[in-house]
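Asker: Chains as they are written, first to last, in numbering that gives the first Met the number 0: chain R, 0 to 317; chain L, 0 to 164.
Source of the hints: derived by calculation from the structure; they are not laboratory data.
Think of the CB as a built atom: it goes at the ideal place given N, C-alpha and C, for glycine as much as any other residue.
Hints should not be assumed to be uniformly reliable.
To be verified - Now the in silico label distances, taken between C-beta atoms and shown as ranges:
no. : chain 1 : residue 1 : chain 2 : residue 2 : range
1   : L       : Ile153    : R       : Pro284    : 36 to 42 Å
2   : L       : Val155    : R       : Gly258    : 49 to 55 Å
3   : L       : Ile151    : R       : Met226    : 53 to 59 Å
Claimed, not checked - Here are the simulated lysine-lysine pairs, DSS-like style, with alpha carbons at most 27 Å apart:
no. : chain 1 : residue 1 : chain 2 : residue 2
4   : R       : Lys297    : R       : Lys60
5   : L       : Lys127    : L       : Lys25
6   : R       : Lys175    : R       : Lys60
7   : R       : Lys134    : L       : Lys90
8   : R       : Lys60     : R       : Lys45
9   : R       : Lys314    : L       : Lys159
10  : L       : Lys159    : R       : Lys297
11  : R       : Lys11     : R       : Lys64
12  : R       : Lys134    : R       : Lys11
13  : R       : Lys175    : L       : Lys90
14  : R       : Lys293    : L       : Lys159
15  : R       : Lys314    : R       : Lys293
Unchecked claim - Away from chain L, derived, C-beta distances all over 12 Å, residues of chain R:
no. : residue
16  : Leu16
17  : Lys64
18  : Ser70
19  : Val108
20  : Ile116
21  : Ala118
22  : Ala143
23  : Ala145
24  : Val148
25  : Val162
26  : Gly166
27  : Ala229
28  : Tyr255
29  : Ile267
30  : Phe271
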Amino acid sequence: MSGQPLLIFAAKAVGILAVVLTAATYATWAERRVAAWIQDRIGPNKTGPFGLLQPIADVLKLFFKEEIVPSPVDPLLHFITPGIIMTGVIAATALIPFAENLTLADPPVGVLLLLGISALSGYSVILAGMASRTKYSLLGSLRAAAQVVSYEIPMALAIASVVLMAGSLSLVDIVKAQSHLPFAITQPIAFIIYLIAVFAETNRAPFDLPEAESELVGGYHTEYSSMRFAWFFAGEYAHVVIASALITTFFLGGWYGPGPDGVWWFAIKTLFFVYFFLWVRWTYPRTRYDQLMKFAWKVLIPLGLLNILITALIKIWG
Amino acid sequence: MTLTAVIFTLFALLGLWGALVVLFAKRPVYNALGLLLNFVSLAAIYIMLNAPFLGVIQIIVYSGAIVVFFLFVIMILNLRDPLSDMDLSFKGLVAFVLMISLLSLLGVYLYVIKLPAWKLGPEGSPGKLGELLLRDYLIPFELASILLLVAIVIAVVLGKKGEEQ
Numbered sequence: 000m001s002g003q004p005l006l007i008f009a010a011k012a013v014g015i016l017a018v019v020l021t022a023a024t025y026a027t028w029a030e031r032r033v034a035a036w037i038q039d040r041i042g043p044n045k046t047g048p049f050g051l052l053q054p055i056a057d058v059l060k061l062f063f064k065e066e067i068v069p070s071p072v073d074p075l076l077h078f079i080t081p082g083i084i085m086t087g088v089i090a091a092t093a094l095i096p097f098a099e100n101l102t103l104a105d106p107p108v109g110v111l112l113l114l115g116i117s118a119l120s121g122y123s124v125i126l127a128g129m130a131s132r133t134k135y136s137l138l139g140s141l142r143a144a145a146q147v148v149s150y151e152i153p154m155a156l157a158i159a160s161v162v163l164m165a166g167s168l169s170l171v172d173i174v175k176a177q178s179h180l181p182f183a184i185t186q187p188i189a190f191i192i193y194l195i196a197v198f199a200e201t202n203r204a205p206f207d208l209p210e211a212e213s214e215l216v217g218g219y220h221t222e223y224s225s226m227r228f229a230w231f232f233a234g235e236y237a238h239v240v241i242a243s244a245l246i247t248t249f250f251l252g253g254w255y256g257p258g259p260d261g262v263w264w265f266a267i268k269t270l271f272f273v274y275f276f277l278w279v280r281w282t283y284p285r286t287r288y289d290q291l292m293k294f295a296w297k298v299l300i301p302l303g304l305l306n307i308l309i310t311a312l313i314k315i316w317g
Numbered sequence: 000m001t002l003t004a005v006i007f008t009l010f011a012l013l014g015l016w017g018a019l020v021v022l023f024a025k026r027p028v029y030n031a032l033g034l035l036l037n038f039v040s041l042a043a044i045y046i047m048l049n050a051p052f053l054g055v056i057q058i059i060v061y062s063g064a065i066v067v068f069f070l071f072v073i074m075i076l077n078l079r080d081p082l083s084d085m086d087l088s089f090k091g092l093v094a095f096v097l098m099i100s101l102l103s104l105l106g107v108y109l110y111v112i113k114l115p116a117w118k119l120g121p122e123g124s125p126g127k128l129g130e131l132l133l134r135d136y137l138i139p140f141e142l143a144s145i146l147l148l149v150a151i152v153i154a155v156v157l158g159k160k161g162e163e164q
């Protein structure tokens with residue numbers, strides 16, 4: 000917030016947050032429409048034009064549903080965990096450079112701060128299962144804990160190559176380093192590793208094992224109902240939106256694009272990746288748990304390390 | 000009080016609260032969460048001391064990875080019952096003696112030897128830190144890395160041994 004009046008900064012912050020949360024809300028609508036389209040159905044189309052009021056109807060329904068707190072739960076943990084996921088997503092929003100002059104905060108350690116926030120938001124899933132004290136939730140949490148810790152490493156390794164290329168830990172500098180060529184082209188391996196790891200970090204199919212409904216009922220959020228469940232649900236989609244925005248930032252050159260640069264390029268790229276998340280979910284089967292872990296430790300991490308080594312060598316002698 | 004002082008006091012109190020929860024909470028989950036609160040507050044204080052890199056690494060490594068592993072272990076061992084039935088009298092005595100000696104050591108450092116205040120200056124940036132680690136302190140840095148590597152190898156070997164039996 001260098002130099003700008005506090006009021007304008009606050010207005011910007013609220014505006015950006017509103018846009019991101021609206022995008023997250025409509026991601027739930029998009030999920031259902033895309034799923035229907037891929038499965039040759041129609042999907043929700045009765046509430047408003049094209050069913051656009053469906054998310055609002057859903058939220059209202061969840062507000063008025065009875066909130067059931069099962070007796071064995073740990074009340075305090077059960078109460079605070081749904082908030083953690085949203086807190087993480089909202090904190091990450093502050094760091095994303097939407098356009099040249101539309102960034103709320105650009106700390107010199109932005110990339111690391113983002114990794115830290117991502118690490119902390121994993122707690123929502125882990126604590127939700129521990130607070131519930133039922134086997135399905137606990138198994139979901141166990142899977143989530145191992146998965147989040149494992150996939151953070153390839154994700155960080157992929158970002159490290161990007162940081163090497165850009166020579167800076169600031170997100171704005173990383174986007175600026177891509178003004179000619181996005182890192183998706185110059186760093187294809189890092190791009191693919193990051194893309195895969197992000198699916199695991201957001202608990203989305205094919206890596207949605209912490210909430211695999213065929214094995215674990217609802218996984219970590221089995222014992223949540225009403226608005227507390229809605230927080231998890233909204234958090235997942237907000238996470239998808241933020242993750243797409245980060246892919247855009249790290250690998251697709253943010254606001255740069257062919258033709259006039261600006262926030263619209265950022266929006267188009269982000270929306271494409273939100274669609275990509277949905278597309279993968281409805282076309283790709285869920286992996287088995289041991290395959291998921293082996294893939295992280297035996298494929299992604301060595302590949303990520305090798306990629307960093309090659310990138311560093313090219314940086315020195317290239 | 001300036002804004003900085005208010006924020007510092009807030010995080011200092013949160014950190015202390017976390018530390019007390021670690022010591023006195025009966026449920027292991029809350030002990031772990033108290034530790035988390037302590038780590039995050041400490042990270043905030045590092046950032047306020049113009050060491051953003053250290054603060055963020057504190058969050059990633061300690062809050063992000065280590066406390067997750069603690070929770071993982073608590074989940075696997077299913078430590079849901081309070082630890083009150085443990086015989087704490089002897090352990091408490093040992094802990095008390097260790098605490099007193101640690102505090103007196105700290106007092107010696109602070110008031111007798113008078114350590115100079117650690118000044119990172121305005122250049123607490125990752126670039127500066129990297130330069131220091133990989134140029135001026137290269138050998139200690141690499142030795143620490145090797146020590147960690149050895150620890151990992153030992154952990155794997157010990158784990159394998161348990162499996163065979």
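Asker: Decide, hint by hint, whether the structure agrees.
Answerer: Taking the hints in turn, this is what the structure says about them:
1. Checking the proposed 36 to 42 Å range against L:Ile153 and R:Pro284 shows it holds: the Cβ atoms sit about 40 Å from each other.
2. Roughly 54 Å separates the CB atoms of L:Val155 and R:Gly258, a value that falls within the hinted 49 to 55 Å.
3. Checked against the hint of 53 to 59 Å, the pair L:Ile151 and R:Met226 fails, with Cβ atoms roughly 44 Å apart.
4. With a C-alpha separation of about 45 Å, the suggested pair R:Lys297 and R:Lys60 falls outside the 27 Å cut-off, and the hint is violated.
5. Among the hinted pairs, L:Lys127 with L:Lys25 is inconsistent with the structure: their alpha-carbon atoms are about 43 Å apart, more than 27 Å.
6. Proximity of R:Lys175 to R:Lys60 is assessed by CA-CA distance (about 44 Å); at most 27 Å being required, the pair is judged violated.
7. For the suggested pair R:Lys134 and L:Lys90, the alpha carbons sit about 34 Å apart, so the restraint of at most 27 Å is broken.
8. Distance check on the hinted pair: R:Lys60 and R:Lys45 sit about 16 Å apart at the alpha-carbon level, within 27 Å; holds.
9. Restraint check: the Cα-Cα separation between R:Lys314 and L:Lys159 comes to about 40 Å, which exceeds 27 Å; the hinted pair is violated.
10. For the hint pairing L:Lys159 with R:Lys297, the CA-to-CA distance comes to about 18 Å; that is within 27 Å, so the pair holds.
11. A distance of roughly 34 Å separates the Cα atoms of R:Lys11 and R:Lys64; the hinted pair therefore is violated under the 27 Å criterion.
12. Restraint check for R:Lys134 and R:Lys11: the C-alpha separation of about 44 Å exceeds 27 Å, so the hint is violated.
13. Distance check on the hinted pair: R:Lys175 and L:Lys90 sit about 57 Å apart at the alpha-carbon level, beyond 27 Å; violated.
14. A C-alpha spacing of about 18 Å is found between R:Lys293 and L:Lys159, which places the hinted pair at or below 27 Å, so the restraint holds.
15. As the CA atoms of R:Lys314 and R:Lys293 are separated by approximately 31 Å, the hinted pair breaks the 27 Å bound.
16. Against the 12 Å criterion, R:Leu16 stays outside the reach of chain L, whose nearest CB is about 22 Å from its own CB.
17. At roughly 28 Å from the closest C-beta of chain L, the C-beta of R:Lys64 stays outside 12 Å, upholding its exclusion from the interface.
18. Listed as outside the interface, R:Ser70 is consistent with that label: its C-beta sits roughly 14 Å from the nearest C-beta of chain L, beyond the 12 Å cut-off.
19. A beta-carbon of chain L is positioned within 12 Å of the beta-carbon of R:Val108; the least distance is around 5 Å.
20. Under the 12 Å C-beta cut-off, the non-interface status given to R:Ile116 relative to chain L is violated; the minimum distance is some 8 Å.
21. Non-interface status of R:Ala118 relative to chain L is broken: a Cβ of that chain comes within 12 Å, the nearest being about 3 Å off.
22. Not every Cβ of chain L is farther than 12 Å from the Cβ of R:Ala143; the closest lies at roughly 10 Å, contradicting the non-interface assignment.
23. Annotated as non-interface, R:Ala145 brings its C-beta within 12 Å of a C-beta of chain L; the closest such distance is 7 Å.
24. Not every CB of chain L is more than 12 Å from the CB of R:Val148 (nearest about 6 Å), against its label as outside the interface.
25. Against chain L, the non-interface label of R:Val162 is violated: not every CB pair exceeds 12 Å, the least being about 9 Å.
26. Consistency note on R:Gly166: stated as away from chain L, yet its beta-carbon is not over 12 Å from all of that chain's, at 9 Å minimum.
27. Against the 12 Å criterion, R:Ala229 stays outside the reach of chain L, whose nearest CB is about 24 Å from its own CB.
28. At roughly 25 Å, the least C-beta separation between R:Tyr255 and chain L is larger than 12 Å, which holds for a residue marked as non-interface.
29. For R:Ile267, the shortest C-beta to C-beta distance to chain L comes to about 31 Å, beyond the 12 Å cut-off, and the non-interface label holds.
30. For R:Phe271, the non-interface assignment is confirmed: its Cβ lies about 29 Å from the closest Cβ of chain L, beyond the 12 Å cut-off.
When the structure is compared with the earlier hints, violations turn up for hints 3, 4, 5, 6, 7, 9, 11, 12, 13, 15, 19, 20, 21, 22, 23, 24, 25, 26 and for no others.
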